[in-house]
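With the hints as constraints, model all of the structure from the sequences given.
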Amino acid sequence: YEDGYIINRKTGFVIDIYGRAAAVGVKLIQSHRAHTDEDGKRNQLWNVAGGHIQLLHNKELVINAETTKEGSRVQLVEKTLQSTTVTWTLELAQTLWLKSPGAFRSAVPKETSWFRRLASGAGAASGALTKVDGVWKLAVSVANTHKAKVDEKCPIHKHAFVYYDEDVYDSVVVDTKTGSKHVIQLLFDKEKKVYYVYNRWNENEYTLSESYETVEEAKAAYLIQYKKNFDIEWNERTTVVSERWTIELQVYKEYEEIEEVGVIIEETEALDIIKSAEEAGTLVKKTITRTVKRTVRVVEMEAARTEFPSGKWFYIKSKSSDLVIDVEHGFLTDPMKAGARLELNHQKLDNSDGQHRLLGLQLWRFEDGYIINYRTGMVLDIQGGLSKSGARLIQSTRETKDNTNQQWAADNGFIHPKSNANLVLNAEGGGT
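Note that the working numbering has the sequence shown beginning at 64, numbered continuously upward.
Derived from the structure by calculation, the hints contain no laboratory data.
Just so you know, not all the hints are guaranteed correct.
With a straight-line cut-off of 25 Å between C-alpha atoms, the simulated DSS-like cross-links for lysine-lysine are [unchecked claim]:
{"no.": "1", "residue 1": "Lys481", "residue 2": "Lys375"}
{"no.": "2", "residue 1": "Lys282", "residue 2": "Lys221"}
{"no.": "3", "residue 1": "Lys464", "residue 2": "Lys411"}
{"no.": "4", "residue 1": "Lys464", "residue 2": "Lys481"}
{"no.": "5", "residue 1": "Lys244", "residue 2": "Lys221"}
{"no.": "6", "residue 1": "Lys244", "residue 2": "Lys282"}
{"no.": "7", "residue 1": "Lys451", "residue 2": "Lys142"}
{"no.": "8", "residue 1": "Lys464", "residue 2": "Lys400"}
{"no.": "9", "residue 1": "Lys142", "residue 2": "Lys212"}
Have a look at the derived ranges for each label pair, beta carbon to beta carbon [unchecked claim]:
{"no.": "10", "residue 1": "Lys90", "residue 2": "Lys464", "range": "24 to 30 Å"}
{"no.": "11", "residue 1": "Gly75", "residue 2": "Ala283", "range": "17 to 23 Å"}
{"no.": "12", "residue 1": "Lys132", "residue 2": "Pro372", "range": "31 to 37 Å"}
{"no.": "13", "residue 1": "Ala283", "residue 2": "Asn408", "range": "46 to 52 Å"}
{"no.": "14", "residue 1": "Ser384", "residue 2": "Lys132", "range": "57 to 63 Å"}
{"no.": "15", "residue 1": "Gly88", "residue 2": "Glu266", "range": "36 to 42 Å"}
{"no.": "16", "residue 1": "Glu280", "residue 2": "Glu141", "range": "35 to 41 Å"}
{"no.": "17", "residue 1": "Glu133", "residue 2": "Thr396", "range": "36 to 42 Å"}
{"no.": "18", "residue 1": "Ser274", "residue 2": "Thr152", "range": "43 to 49 Å"}
{"no.": "19", "residue 1": "Asn483", "residue 2": "Lys132", "range": "54 to 60 Å"}
{"no.": "20", "residue 1": "Gly134", "residue 2": "Phe477", "range": "42 to 48 Å"}
{"no.": "21", "residue 1": "Phe477", "residue 2": "Ala84", "range": "35 to 41 Å"}
{"no.": "22", "residue 1": "Glu154", "residue 2": "Asn121", "range": "48 to 54 Å"}
{"no.": "23", "residue 1": "Asp100", "residue 2": "Thr396", "range": "23 to 29 Å"}
Computed from a predicted model, the values in this text were never measured in an experiment.
A virtual CB, placed ideally from N, CA and C, is assigned to each residue, including glycine.
Here it is, written out as structure tokens:
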């Protein structure tokens, strides 16, 4: 569980709902993590309370199973106090290999397409500034390594590369008596943008499967071929990576495009360790234990505005004190619940692991008249309505009807309800 997402250890995907409409009976799936509401982020954020796993933007919808039998599909239902099937226990995993997480970690982050490009031979030279998937990246050093090699007997070996994620789909077995080699590889054709399963035995005998549009289809075919050839399931094999594989690693700086002046640069660093090869019978076993990414993130500092920034995250800062609007939080206060009060707090600029969640409580975005919190996804609301001066500000779930209390405008440094410009946001004690 991280920042509201429930993440699978093996795939890296998050729990999501099927389709875009959250409703009773909708099935749950795994999906890539979304980062905006437009991409479906609202349907990927969850909260756990009283044994229920609730959809954060609609806590009346909770996770349930169709039946109590193994293999039952998981879906959304309405929360009821009488039901026992919608309550869950979150049991900490004590499996031994989890205690040394590097041993089974993915060779590269799955969501980092920059590393995928490197693996396919499209890496940038040191010092080159290149735009990759819409993000500017500056290479600062390049490791001297080798890529996974496609078998030279394969007819597409010049314009293909071996696919990998947590595993490298490159299996080689040598017959110790005859010296003949058996090769199975899952390949991506860079020209046609499709996947193949390549299978070779002896010197010149091989097959190239039909093309697959998705890697999931190709993986399924690869696992079937592996079982057929070696009479063992893929997940029961002892060879983790073939002897022809080493990882190409790029250390880089990452930049967002800047429109405003004045920036704060934040850096995070990690180390990379690649274990030396170990003999395992006639095969060579190699385990990549930890990956490394050095990122420099450029954060825009907005100048004073008379209107809300469009499509950007911002602080709401008091001119008299330089304190910013925050969601109340503490040992006995849950900042993720609807009704949590807003308060002034010191501005947090640190994006380290220890401060990340607190920083998110201070960031807001303006969209369709709503002021939306980055961390909770809830909107700025007025407790008790617009009836009087002195009403407290809270966060609440977004309403599409009767949303007068949640619609805002900015004018000459004041923030006021769109329907009543005479009432403005203020802080007790002069905002100090």
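Checked hints:
| no. | hint | in the structure |
| --- | --- | --- |
| 1 | Lys481 to Lys375 | holds, 20 Å |
| 2 | Lys282 to Lys221 | holds, 21 Å |
| 3 | Lys464 to Lys411 | violated, 34 Å |
| 4 | Lys464 to Lys481 | holds, 15 Å |
| 5 | Lys244 to Lys221 | holds, 21 Å |
| 6 | Lys244 to Lys282 | holds, 22 Å |
| 7 | Lys451 to Lys142 | violated, 35 Å |
| 8 | Lys464 to Lys400 | holds, 21 Å |
| 9 | Lys142 to Lys212 | violated, 53 Å |
| 10 | Lys90 to Lys464: 24 to 30 Å | holds, 28 Å |
| 11 | Gly75 to Ala283: 17 to 23 Å | holds, 19 Å |
| 12 | Lys132 to Pro372: 31 to 37 Å | violated, 52 Å |
| 13 | Ala283 to Asn408: 46 to 52 Å | holds, 51 Å |
| 14 | Ser384 to Lys132: 57 to 63 Å | holds, 59 Å |
| 15 | Gly88 to Glu266: 36 to 42 Å | violated, 57 Å |
| 16 | Glu280 to Glu141: 35 to 41 Å | holds, 36 Å |
| 17 | Glu133 to Thr396: 36 to 42 Å | holds, 40 Å |
| 18 | Ser274 to Thr152: 43 to 49 Å | holds, 45 Å |
| 19 | Asn483 to Lys132: 54 to 60 Å | holds, 56 Å |
| 20 | Gly134 to Phe477: 42 to 48 Å | violated, 58 Å |
| 21 | Phe477 to Ala84: 35 to 41 Å | holds, 37 Å |
| 22 | Glu154 to Asn121: 48 to 54 Å | violated, 26 Å |
| 23 | Asp100 to Thr396: 23 to 29 Å | holds, 25 Å |
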